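Visitor: Construct the complete structure from the given sequences, taking the supplied hints into account.
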Amino acid sequence: MSHTLEELAGFVGGRVEGDTTCVIENVASLESAGSRDISFYTGGKHKAALANTQANAVILSDKHVSLITTNLIVVDNPLLAFAQIAKKLNPVKPKSGVHPDASVDPNANIDASAYVGAQSVIAAGVQVKAGVVIEAACVIEHDCIIGENSTLHANVTLCHGTIIGKNAIIYSGAVIGGDGFGMANDKGRWIKIPQLGIVEIGDDVEIGANTTIDRGALDNTVIGKGVKLDNLIQIAHNVKIGDHTAIAGCVGIAGSVVIGNYCTIAGGVGITDQVQIADNVHITATSLVTQSISQSGAYSSGTPLQENAKWQRNYVRFTQLDDMAKRLKRIETEFKNKK
Amino acid sequence: MSHTLEELAGFVGGRVEGDTTCVIENVASLESAGSRDISFYTGGKHKAALANTQANAVILSDKHVSLITTNLIVVDNPLLAFAQIAKKLNPVKPKSGVHPDASVDPNANIDASAYVGAQSVIAAGVQVKAGVVIEAACVIEHDCIIGENSTLHANVTLCHGTIIGKNAIIYSGAVIGGDGFGMANDKGRWIKIPQLGIVEIGDDVEIGANTTIDRGALDNTVIGKGVKLDNLIQIAHNVKIGDHTAIAGCVGIAGSVVIGNYCTIAGGVGITDQVQIADNVHITATSLVTQSISQSGAYSSGTPLQENAKWQRNYVRFTQLDDMAKRLKRIETEFKNKK
Amino acid sequence: MSHTLEELAGFVGGRVEGDTTCVIENVASLESAGSRDISFYTGGKHKAALANTQANAVILSDKHVSLITTNLIVVDNPLLAFAQIAKKLNPVKPKSGVHPDASVDPNANIDASAYVGAQSVIAAGVQVKAGVVIEAACVIEHDCIIGENSTLHANVTLCHGTIIGKNAIIYSGAVIGGDGFGMANDKGRWIKIPQLGIVEIGDDVEIGANTTIDRGALDNTVIGKGVKLDNLIQIAHNVKIGDHTAIAGCVGIAGSVVIGNYCTIAGGVGITDQVQIADNVHITATSLVTQSISQSGAYSSGTPLQENAKWQRNYVRFTQLDDMAKRLKRIETEFKNKK
Numbered sequence: 004m005s006h007t008l009e010e011l012a013g014f015v016g017g018r019v020e021g022d023t024t025c026v027i028e029n030v031a032s033l034e035s036a037g038s039r040d041i042s043f044y045t046g047g048k049h050k051a052a053l054a055n056t057q058a059n060a061v062i063l064s065d066k067h068v069s070l071i072t073t074n075l076i077v078v079d080n081p082l083l084a085f086a087q088i089a090k091k092l093n094p095v096k097p098k099s100g101v102h103p104d105a106s107v108d109p110n111a112n113i114d115a116s117a118y119v120g121a122q123s124v125i126a127a128g129v130q131v132k133a134g135v136v137i138e139a140a141c142v143i144e145h146d147c148i149i150g151e152n153s154t155l156h157a158n159v160t161l162c163h164g165t166i167i168g169k170n171a172i173i174y175s176g177a178v179i180g181g182d183g184f185g186m187a188n189d190k191g192r193w194i195k196i197p198q199l200g201i202v203e204i205g206d207d208v209e210i211g212a213n214t215t216i217d218r219g220a221l222d223n224t225v226i227g228k229g230v231k232l233d234n235l236i237q238i239a240h241n242v243k244i245g246d247h248t249a250i251a252g253c254v255g256i257a258g259s260v261v262i263g264n265y266c267t268i269a270g271g272v273g274i275t276d277q278v279q280i281a282d283n284v285h286i287t288a289t290s291l292v293t294q295s296i297s298q299s300g301a302y303s304s305g306t307p308l309q310e311n312a313k314w315q316r317n318y319v320r321f322t323q324l325d326d327m328a329k330r331l332k333r334i335e336t337e338f339k340n341k342k
Numbered sequence: 004m005s006h007t008l009e010e011l012a013g014f015v016g017g018r019v020e021g022d023t024t025c026v027i028e029n030v031a032s033l034e035s036a037g038s039r040d041i042s043f044y045t046g047g048k049h050k051a052a053l054a055n056t057q058a059n060a061v062i063l064s065d066k067h068v069s070l071i072t073t074n075l076i077v078v079d080n081p082l083l084a085f086a087q088i089a090k091k092l093n094p095v096k097p098k099s100g101v102h103p104d105a106s107v108d109p110n111a112n113i114d115a116s117a118y119v120g121a122q123s124v125i126a127a128g129v130q131v132k133a134g135v136v137i138e139a140a141c142v143i144e145h146d147c148i149i150g151e152n153s154t155l156h157a158n159v160t161l162c163h164g165t166i167i168g169k170n171a172i173i174y175s176g177a178v179i180g181g182d183g184f185g186m187a188n189d190k191g192r193w194i195k196i197p198q199l200g201i202v203e204i205g206d207d208v209e210i211g212a213n214t215t216i217d218r219g220a221l222d223n224t225v226i227g228k229g230v231k232l233d234n235l236i237q238i239a240h241n242v243k244i245g246d247h248t249a250i251a252g253c254v255g256i257a258g259s260v261v262i263g264n265y266c267t268i269a270g271g272v273g274i275t276d277q278v279q280i281a282d283n284v285h286i287t288a289t290s291l292v293t294q295s296i297s298q299s300g301a302y303s304s305g306t307p308l309q310e311n312a313k314w315q316r317n318y319v320r321f322t323q324l325d326d327m328a329k330r331l332k333r334i335e336t337e338f339k340n341k342k
Numbered sequence: 004m005s006h007t008l009e010e011l012a013g014f015v016g017g018r019v020e021g022d023t024t025c026v027i028e029n030v031a032s033l034e035s036a037g038s039r040d041i042s043f044y045t046g047g048k049h050k051a052a053l054a055n056t057q058a059n060a061v062i063l064s065d066k067h068v069s070l071i072t073t074n075l076i077v078v079d080n081p082l083l084a085f086a087q088i089a090k091k092l093n094p095v096k097p098k099s100g101v102h103p104d105a106s107v108d109p110n111a112n113i114d115a116s117a118y119v120g121a122q123s124v125i126a127a128g129v130q131v132k133a134g135v136v137i138e139a140a141c142v143i144e145h146d147c148i149i150g151e152n153s154t155l156h157a158n159v160t161l162c163h164g165t166i167i168g169k170n171a172i173i174y175s176g177a178v179i180g181g182d183g184f185g186m187a188n189d190k191g192r193w194i195k196i197p198q199l200g201i202v203e204i205g206d207d208v209e210i211g212a213n214t215t216i217d218r219g220a221l222d223n224t225v226i227g228k229g230v231k232l233d234n235l236i237q238i239a240h241n242v243k244i245g246d247h248t249a250i251a252g253c254v255g256i257a258g259s260v261v262i263g264n265y266c267t268i269a270g271g272v273g274i275t276d277q278v279q280i281a282d283n284v285h286i287t288a289t290s291l292v293t294q295s296i297s298q299s300g301a302y303s304s305g306t307p308l309q310e311n312a313k314w315q316r317n318y319v320r321f322t323q324l325d326d327m328a329k330r331l332k333r334i335e336t337e338f339k340n341k342k
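Residue numbers (our numbering), protein chains in the order written: chain A, 4 to 342; chain B, 4 to 342; chain C, 4 to 342.
Since the hints were made in silico from the structure, they are not lab data.
As the structure is a prediction and not an experimental result, all values here were calculated from the model.
Watch out, some of these pointers could steer you wrong.
Since the list gives no way to pick out one identical chain from another, each pair is judged satisfied if it fits inside one copy or across any two copies.
[As the list claims (entries may be wrong)] In the DSBU-like style, the derived pairs of lysine-lysine whose C-alpha atoms are separated by at most 30 Å in a straight line are:
no.	residue 1	residue 2
1	K243	K341
2	K243	K98
3	K50	K91
4	K48	K341
5	K195	K48
6	K90	K48
7	K313	K329
8	K329	K339
9	K195	K90
10	K132	K98
11	K91	K66
12	K228	K48
13	K243	K48
14	K98	K48
15	K195	K91
16	K96	K195
Guide: If you want it as structure tokens, here you go:
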């Protein structure tokens, strides 16, 4: 699908510098773009790539206009404009109908405009709304609801009663609604506590490949609207994640954690149970959060990477840190007394 | 399914305070319970919720009886009694038979009381015992054995020869019996070592969603009875986990690790290969275990979360820690000599 | 399949000490081996097991010949010879044909020598080359290419356009080619950036169970030849991994990271976006890498495990580390001035 530069600029509310009539067929990186492509520049280390690009046009902001003489779309937020143009130039082909190799319960309710792929299983009581795409080999257990225009990629599992909002995208291998890890201890033996809540997913949510979200124990696990979850994330029972929060891969969130709106949580972070996190909190990679955070801001834990030999020496000193602190205090006192 | 409070108290060996004849239909949290529900209280921060609850009855222990005037079941272990009552009020409906859309090898042996869901694949030589439930889209490779009354949720993979005990519950996306990560190095190139052991899972084990347990290289990987594994755990080849140990999400356990009985391992912990861990060891979240632990007790590693700006300053000092320790020692010596 | 010791020694280029005609049926560990088995010894803590082994023969290197009087195959690299002999004694039975319960698009191209298991889905435009094995319940989306003699275990998902080299092994639950986690921020809301690249996997690659590899945003995600990936690894969009690099379980690699050849990355490591890592870099378990590494060598981060009570005291001191460093400097200065 191709458009003129003028059409694209109008679509994203930008202005053209250069040839408004040139035809753009696709998006590409600065390095790989050719004469039919549009690319983008947001600053930083890609300056050389910008100077050398063969792109027909580049999307950038006012402050970078002077860096290049090719055709331009000038906007306030080049990355956003790029996302919108990339989507316009690469529209998803709609599909509908139930593949003959799917296994659909007669008591499931599938909108005529929805698609169900081969080998997928749709159980009784499921509601699949208009425009939904369920790719191959998904399992949708009984009484799930999948909102309008949501997409489930291949091999997704929705356990019974899961509710998915509109325009959600769920990637392969994700498991939504498995039982929470809830147990009572009976003289050393663990006794399962039935997990009776469900998972509710808001509109415009993305859930990455092989991510797991457990159902609530009694009340529900709730993922707010516009939340973006990367791959291999674990979200335990009764977690609540606020709207428009983004969480990167390999994060683990324990039971009953509450996370605010507009947070970002980088890869590999761990959050222990019951922790409450305010809005607009940003946590850097592989941090461990064991206490609630009531103020917005950026938070971190961890120690720096070093050459192994140097690290070994500092590593072992960590076990002496309290002793060092006391000795330092002592010598300060003695020194002061002596003066 | 409903019961009188007296019936429920008898079932868990507790005593009723209040109306023994009131009818309980379900369990609920203190916050959401209504006039047909029973809830529980174990102390701590839920005191306000207890005071305000609309539950018909509450399960608690003797020391909390004075906190509330509603109907009570008084027991030593309220959480355990709650688990038992929740299960009694929410019985799992038994199901049996092979779904017509399953793919079952004629040389598989499936008990008449077992259930096999749509699109599941059961290979030759598999033994599915009485009362087993295999939900949709599972793959059970050749020569697996699944013990009485075990449940496999949708999309579980059991690789060839895996043995599952009785009353196990395996959640969606779990992969049991994939090859271990065993390789020989041939002048820089990695050569696969065939993985010839199997995985043996004891009775009463739970395995979380998308958790992976690798087969042994030569001898077997062994998960003891009553072990509870959360989601997204990696258990490498030849690991042995003792009875009644519980492991939280996102833990990684490397090859040939041996873990004792009655241990708890919190989320995100890493354990390097060959480590041996005694009984009754408790490891806190995201700790790294690189050496064997021979004494029971609680163990930890890691550094605290701070505001990013403060953390930055401490973070960089970690690389100077050995130097600081030496300088502290030196000044102590000099100061002493001077006195 | 059995061989004489002489045949096996010839196969791996070793020399026999002892009975060249003895018949070996299988491999086993030193502890479990019997009179028809061959085992191996590479030194270290298995010395007692070597002394007590009932193995018919042992593979070891010259320096360990004097440790035992049983039959021997003496080679330079015993683990490699063991891997080769284990494979020879346990050949994989070839299989071919399409299972009648598979769902294969008429526009897929499947070599007659390839195998497709029950409930697998092969979409239009897919090329399955000679000798490929696709086990049960895999989903191969449109336009994927799977190279000669590669094996996909049950429940693997290859998203559209993924290219797999020759002799690859992909374990259950792996998801290759899901969308990268790429978003533009529009006044607090996250807008998806279409992910238009693919994933290219080289020859002789192994990919562990439930590992996820995302497609590139514009250019491709590339896994070099001979790369070995363990279970539950996350590889983000546009990552490039060099040839013969091995990565252990639970590692998370963020977007656009470039890793060199012959690296090893231990379990649980996190690597933040854009980081570049040279050849022959070795990173120890659960390290966090936030900056590029230009020199080969071993690198680490993290703090040691301690008993919880001791750790608590050191843990809290970490937040005072910068203050301690300044105070130490001050007292050094004062002390010096005083002298």
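Visitor: Each hint should be assessed against the structure and marked as holding or not.
Guide: For each hint, the structure was consulted:
{"no.": "1", "hint": "K243 x K341", "result": "neither (58 Å within a copy, 60 Å between copies)"}
{"no.": "2", "hint": "K243 x K98", "result": "neither (33 Å within a copy, 33 Å between copies)"}
{"no.": "3", "hint": "K50 x K91", "result": "within (26 Å within a copy, 54 Å between copies)"}
{"no.": "4", "hint": "K48 x K341", "result": "neither (55 Å within a copy, 50 Å between copies)"}
{"no.": "5", "hint": "K195 x K48", "result": "between (53 Å within a copy, 23 Å between copies)"}
{"no.": "6", "hint": "K90 x K48", "result": "within (25 Å within a copy, 48 Å between copies)"}
{"no.": "7", "hint": "K313 x K329", "result": "both (24 Å within a copy, 14 Å between copies)"}
{"no.": "8", "hint": "K329 x K339", "result": "both (15 Å within a copy, 16 Å between copies)"}
{"no.": "9", "hint": "K195 x K90", "result": "between (46 Å within a copy, 9 Å between copies)"}
{"no.": "10", "hint": "K132 x K98", "result": "both (14 Å within a copy, 29 Å between copies)"}
{"no.": "11", "hint": "K91 x K66", "result": "within (26 Å within a copy, 65 Å between copies)"}
{"no.": "12", "hint": "K228 x K48", "result": "between (33 Å within a copy, 29 Å between copies)"}
{"no.": "13", "hint": "K243 x K48", "result": "between (37 Å within a copy, 18 Å between copies)"}
{"no.": "14", "hint": "K98 x K48", "result": "neither (41 Å within a copy, 51 Å between copies)"}
{"no.": "15", "hint": "K195 x K91", "result": "between (50 Å within a copy, 12 Å between copies)"}
{"no.": "16", "hint": "K96 x K195", "result": "between (45 Å within a copy, 17 Å between copies)"}
In terms of the numbered hints stated before, the structure departs from hints 1, 2, 4, 14, listed from lowest to highest.
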